[in-house]
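Hey, can you work out the whole structure from these sequences and the hints?
There are 4 protein chains.
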Amino acid sequence: MVPRYSRPDMVAIWSPETKFRIWFEIEAHACDALAKLGVIPESAAKTIWAKGGAATFDVERIDEIERETKHDVIAFLTHLAEIVGPDARFVHQGMTSSDVLDTCFSVQLARASDILLADMDALLDALKKRAFEHKETITIGRSHGIHAEPTTFGVKLAQAYAEFSRCRDRLVNAREEIATCAISGAVGTFANIDPTVEEHVADALGLKPEPVSTQVIPRDRHAMYFATLGVIASSVERLATEIRHLQRTEVLEVEEYFSPGQKGSSAMPHKRNPVLTENLTGLARMVRSFAMPAMENVALWHERDISHSSVERMIGPDATITLDFALARLTGVIEKLVVYPDNMMTNLNKFRGLVHSQRVLLALTQAGVSREDAYRLVQRNAMKVWNEGKDFLEELLGDAEVCAALSEDTLREKFDLGYHTKHVDTTFKRVFGES
Amino acid sequence: MVPRYSRPDMVAIWSPETKFRIWFEIEAHACDALAKLGVIPESAAKTIWAKGGAATFDVERIDEIERETKHDVIAFLTHLAEIVGPDARFVHQGMTSSDVLDTCFSVQLARASDILLADMDALLDALKKRAFEHKETITIGRSHGIHAEPTTFGVKLAQAYAEFSRCRDRLVNAREEIATCAISGAVGTFANIDPTVEEHVADALGLKPEPVSTQVIPRDRHAMYFATLGVIASSVERLATEIRHLQRTEVLEVEEYFSPGQKGSSAMPHKRNPVLTENLTGLARMVRSFAMPAMENVALWHERDISHSSVERMIGPDATITLDFALARLTGVIEKLVVYPDNMMTNLNKFRGLVHSQRVLLALTQAGVSREDAYRLVQRNAMKVWNEGKDFLEELLGDAEVCAALSEDTLREKFDLGYHTKHVDTTFKRVFGES
Amino acid sequence: MVPRYSRPDMVAIWSPETKFRIWFEIEAHACDALAKLGVIPESAAKTIWAKGGAATFDVERIDEIERETKHDVIAFLTHLAEIVGPDARFVHQGMTSSDVLDTCFSVQLARASDILLADMDALLDALKKRAFEHKETITIGRSHGIHAEPTTFGVKLAQAYAEFSRCRDRLVNAREEIATCAISGAVGTFANIDPTVEEHVADALGLKPEPVSTQVIPRDRHAMYFATLGVIASSVERLATEIRHLQRTEVLEVEEYFSPGQKGSSAMPHKRNPVLTENLTGLARMVRSFAMPAMENVALWHERDISHSSVERMIGPDATITLDFALARLTGVIEKLVVYPDNMMTNLNKFRGLVHSQRVLLALTQAGVSREDAYRLVQRNAMKVWNEGKDFLEELLGDAEVCAALSEDTLREKFDLGYHTKHVDTTFKRVFGES
Amino acid sequence: MVPRYSRPDMVAIWSPETKFRIWFEIEAHACDALAKLGVIPESAAKTIWAKGGAATFDVERIDEIERETKHDVIAFLTHLAEIVGPDARFVHQGMTSSDVLDTCFSVQLARASDILLADMDALLDALKKRAFEHKETITIGRSHGIHAEPTTFGVKLAQAYAEFSRCRDRLVNAREEIATCAISGAVGTFANIDPTVEEHVADALGLKPEPVSTQVIPRDRHAMYFATLGVIASSVERLATEIRHLQRTEVLEVEEYFSPGQKGSSAMPHKRNPVLTENLTGLARMVRSFAMPAMENVALWHERDISHSSVERMIGPDATITLDFALARLTGVIEKLVVYPDNMMTNLNKFRGLVHSQRVLLALTQAGVSREDAYRLVQRNAMKVWNEGKDFLEELLGDAEVCAALSEDTLREKFDLGYHTKHVDTTFKRVFGES
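As given, the protein sequences belong to chains F, G, W and U, one line each in that order.
According to the UniProt record's numbering, the first sequence is numbered sequentially starting from 1.
According to the UniProt record's numbering, the second sequence is numbered sequentially starting from 1.
According to the UniProt record's numbering, the third sequence is numbered sequentially starting from 1.
According to the UniProt record's numbering, the fourth sequence is numbered sequentially starting from 1.
Mixed in with the good hints there might be a few duds.
[As the list claims (entries may be wrong)] Calculated cross-link-like contacts (lysine to aspartate or glutamate; reagent style EDC-like; alpha-carbon spacing at most 16 angstroms):
| hint | chain 1 | residue 1 | chain 2 | residue 2 |
| --- | --- | --- | --- | --- |
| 1 | W | Lys70 | W | Glu60 |
| 2 | G | Lys429 | F | Glu199 |
| 3 | W | Lys429 | U | Glu199 |
| 4 | F | Lys422 | G | Asp194 |
| 5 | F | Lys128 | F | Glu335 |
| 6 | U | Lys384 | U | Glu394 |
| 7 | G | Lys422 | F | Asp194 |
| 8 | W | Lys422 | U | Asp194 |
| 9 | U | Lys429 | W | Glu199 |
| 10 | F | Lys384 | F | Glu394 |
| 11 | G | Lys135 | G | Asp125 |
| 12 | W | Lys128 | W | Glu335 |
| 13 | F | Lys429 | G | Glu199 |
| 14 | U | Lys422 | W | Asp194 |
No lab work stands behind these hints: they were computed from the structure.
In structure tokens:
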């Protein structure tokens, strides 16, 4: 966790204080269920809620106990006993550490997912707003970094919206994957704790019971979760890369907002760099990389080992905190993005009509020219534009073979930009449900 | 694609013959829609279906043309024109190569997914069958590779069943991710092709139209697909690792089936090695690794670049072929797995009752001993079993402090194995819906 | 292995024929040493060399035997016995399969490395040639994709040369890592085979004896090897990305060579796309991804398991074949790269002198203006150029505060391009040892 | 950075205080060189050293300035000016932020490497000590987790020693990769700063000048560095996995030291789990994963972009801190490892002589039996041992076909354990240079 790439709400989820509070709630809810079953006295459950609920857990003290016992849950339970008194012996009956740790991790990841979903909604809002704003802003579409045919800047943003809508759906699935509760005791047999306790705790915490935990919640769930974050990060990278490209000096179709007082370079005062989106591409690399150790965590030995724990202590906070920060940063970039429609049009016209080459090609074939001949005819005129700076329409009008197939009017009509934007409404309807 | 890790049905999906056949169908379905729109003659569409449908595409000839044009789709279309004759000029009207390539890739991945789903069903069947067979086969549960408490071998397999059920659900989601069709022309604007063509082709091929393709189907879909395969491979690794562990000489609770004639070692004739599951752990590493380049493919430049193509030419076949092989191999391993219940019981008894330590601990606390004291009492007797080879029950019966809290009958009752299996039915009902 | 990304010499290293030939040589060299020790008859060693050396191993037949024995080395030895006759019983004395397999893999990787080193030399030659050709070709240097200060195209290529020189050194190290020989028998104790046999075979094959193999050559060596290929691939990606950027329509400072007959787009005849370098970025993703399973291969269980084998059957060929192809393709791209110095100059002048801003900044501070004031003065004039299309020098000359610090002559001198290239010789001498 | 997996010396390298101190030294050394060249006054350089050298940089204050300027180096220079006074305007002349940042990162990574090298030396010492202690401790060697042939525990540790010796060499190479200095100004042309400044700073900081930096030190160096750490982590995983295996209940040949007061399980008091080595396998997954984003960092755009920065802010500290912790933890595990030679011997004898099967096989072939027949003879007796619990030697002595080829004395001699350890000296001499 790097403070400069962190936001407080997400950081709070991963604090020791939050963790111990969730541990307490898991134990206390379990006590309720155990009391209902008559395994422990009702009065004990009440005392535990009353004293533990009012207490502030002392992280320093728990750490101190852990240094001796080398076991974090035992350290916490010992501290809890200091707070609760004799009734503390009814806590954790028939449970194992993993029941507490894994269920807590589920709660933390579910809460983290809720923040990420809210981040995603804000990003989608920003994308939608800017997409409609630039629905008709003509810009050149590019394949291979080379000018292809006209599109609109709004369509670019609609694509991003559709992509992040998918990411949102994936995140909902991922949240569901990890929102399970295990209170099943040693190796998950419920030998020492009734399955109804698990059901009660799950319900109280907004989780589902894990169908078969083997002391731990199976890690394929978490692998899927972190892999999903990796895919989302890759979509962040895609949009960030698009902006970095559009801001490069020779293109300059958009710019990240540059605040007064901001300095682009210690040496070159004129520089306005796309540093936010560059930063996002780096952050995406990190979030993506966490998918790999999460997948390696799946193959725990037998019913469980503890090798996953160190990985999750790192990637649990790092992946969610970094992605939260990245989504928020990306939202800010989109909201404040400075767009230059004039530059878009200047770029589009850079090759004097060449972007219309496919239309001419199609017109030729529709006029009965073979596909191979049509391609050859268009290419020979296109090359003059490309290599000699000629105007494409002028060249075509001067090419006898072309003119034998197409009239001047027909040719001129092929250079109408509106032709390329006629289905923007279709696309917007598909993506936004409205246009 | 390594032949020894490949099965023919999956390999066939990725053959040039299959690919060109799908390309043809995409083009021909598009012609149908274009004919209905009046863009091309109905007769042309019919001729294309008739001649192309009857033809066998000549892979050598297409390769030859590609060597000149350096463009695979143009090479195919040229060859198709050789087959179809003059009406071929109506093929590919308003389309780009990506319309063909990406939609074909969707068809291939969807078909591959269908095979993988069938593989998964076979694996689930095998797991279920063996799980019920060994529902009551007592075995020791292990945490950290150390004996913990008894469970049954059936519960181990039920866990695997639950895990692969989740994997199956994920695969269904992943299939849906990539089953889209794009026939949207250059940079995806539909400028030269009506959106209804896409709808028609999608429908004909069992796909959904891509809401907004930008000449290419967005690669976040494929990233999610390959990441999902990576997670499934990690679950394969988990089960394979379990079997490897259970087969090791000192454990020997199960063995992979060893066919007559098979040789375990060129040097040591007695060896029977878990080579199939070892192989599966290696294959899992490979399938998992493909998630990373798939995620790096997402950030194509602008509307599209072609960098994803080489990656997909490799991981498309390799990931699906390898996972298909791995799932089938794992199914075979499970079906034929030789299980040694006697060895399971011998292992369970290795530490003379120590597996019952938690029950004793709980009984002590329930009898009013503080948790810390109970832990200490159990541990001091457990250490004598561990270090001096004593019998746990005997030691406890000889410990005055223990006996002050628990009667002999109560103590003896704590060593009943049935106690640990009483919720096997619960688990089976949760996992299989029956028990 | 995808044929379109493969070259025959590298492919040949990984053919079954080559593999069996190397297996034979390992066995035959071992026989020589065993004969010298008197373990087997000298005549047997001679017969083995004579008959095996003259034979062509029948891959089909070996596969057939393997289908029964499920063991590849035993299958080969059985086939060898068919060729050699009774003396074949002296083959493989005291050895294990891994002695053959691992030493063979070393030979294959060493030969693959030799090809890669030759590829690298060809690439370095091409880079050097083009670097000297464009040593003084002025171009704009860019940070963050934004114009920074002038440099030369030769310096760009010198950087690539320096980077690939490092990659070459790394490859030499990586080759040394894997060029070891293990003939140490079961679990590597030399119980059944004298260590001098290993020394003899190692020497005969140009390898070093593995200090302590445990039946297998330790896989940290191979992890280092494939990780190194991954780093080299990342450098390929860097240079390919540079070219892709320089070829984009708005920049157009270089172009990949576009052969007559080549078609850039099935739909847009004017397109000339940087498809080779795009392809290289995809291939780089693949080679890089192989580092991960290679690292996961290190932690074999105990003295050895076989999980690494399936991984290596894939990444051994795939990583070396793909990198060989990529290096050769990159060399071709560099050799034939079309460079447009005029466009470089046009781009450099796009912001009318702004690239000289740092020099002005420094001149101001050297003239006694505080760093903060100087920055402010430069930035305010720079912004007029950036936003209003003004000429930077004109603006500065019209800024009273600037002129109070710097004379017109001094200001004009700051716009001399030669200033930026004065240390090109230094850089070239450092990189090439000459300038 | 997770405190529980961190050690203070390594953490200190990555503190803001250390970073700003190194930044200051880079700037101050550069001033010395600039003063020598006459670019700035000698007195200024002296003042800068005097005031800056004595100062404690105020991290809070620098952060505050950065919040306005959004540029960390400018923030530091502004703060430095507050400390140094008017002479501060001579600081950073002709330099860019990257000169400071990248050279500082080199210093930090070089210092981190020195700690890691010391860690490695401590680990090698521990391994050597324990290897000699157990040089003759017989244990079973295992392939595929299955008993193979005897070896010694000392040889196992010698293998680990050899592996970490290679890791040490790799770390030395990796340190050299990143120990370079760049003071080359904007886009690395030395236009505004003489190359001798770089040489001076490099020399003063124990670095080498970067032959051609393009404002940044090329990131292939760092990719190689982090990939090397990933390989080392994989070797940590291998040794940790070995210990986890040897500690499992059924094997129990070694145990991690279990301190008094330590608790293995909150529920099962008898448990002594290999938690340290399990933890190490998890940490290894993390360190390994950092190689991937480091490789993705190589392909910066043009002369540089800033996408690498966020990655390095994370993996710079995380990789070195985690590996430092892991190496130290592993050293502690090895130093205190509890070894059970009796259990090793018990395990070795588990299959009543079967480990000697290969010797019998060889004896048979040397006695003139064909390889295939010998294999069959041995296997049929081996299977009786395996399946029916017979004693291998007894079975062989009762097999007429075997006895026809080998006398009883010869057979008995094949069951001598000393046979397998006769080359332990050879191995030790190769690995340690002594035996």
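Hints, one by one, checked against the model:
1. Note on W:Lys70 and W:Glu60: the hinted pairing holds, with a Cα-Cα distance of about 14 angstroms set against a maximum of 16 angstroms.
2. Proximity of G:Lys429 to F:Glu199 is assessed by CA-CA distance (about 15 angstroms); at most 16 angstroms being required, the pair is judged to hold.
3. Proposed proximity of W:Lys429 and U:Glu199 is supported: the alpha carbons are some 15 angstroms apart, at most 16 angstroms.
4. For a cut-off of 16 angstroms, the pair hint linking F:Lys422 to G:Asp194 stands: about 10 angstroms separates their Cα positions.
5. Of the supplied pair hints, the one linking F:Lys128 and F:Glu335 holds, its CA atoms being roughly 10 angstroms apart against a limit of 16 angstroms.
6. Distance check on the hinted pair: U:Lys384 and U:Glu394 sit about 11 angstroms apart at the alpha-carbon level, within 16 angstroms; holds.
7. Annotation: proposed proximity of G:Lys422 to F:Asp194 holds, straight-line Cα distance about 10 angstroms (limit 16 angstroms).
8. Pair hint W:Lys422 plus U:Asp194 holds up; C-alpha atoms about 10 angstroms apart against a cutoff of 16 angstroms.
9. For the suggested pair U:Lys429 and W:Glu199, the alpha carbons sit about 15 angstroms apart, so the restraint of at most 16 angstroms is met.
10. As the CA atoms of F:Lys384 and F:Glu394 are separated by approximately 11 angstroms, the hinted pair is consistent with the 16 angstroms bound.
11. At most 16 angstroms may separate the alpha-carbon atoms for a hinted pair to count; G:Lys135 and G:Asp125 meet this at roughly 15 angstroms.
12. Between W:Lys128 and W:Glu335, the direct Cα distance comes to roughly 10 angstroms. Compliance with the 16 angstroms bound is thereby established for this hinted pair.
13. Only pairs whose Cα atoms come within 16 angstroms are accepted, and F:Lys429 paired with G:Glu199 is accepted, the gap being roughly 15 angstroms.
14. Between U:Lys422 and W:Asp194 the CA atoms are separated by roughly 10 angstroms; this keeps the pair inside 16 angstroms, and the hint holds.
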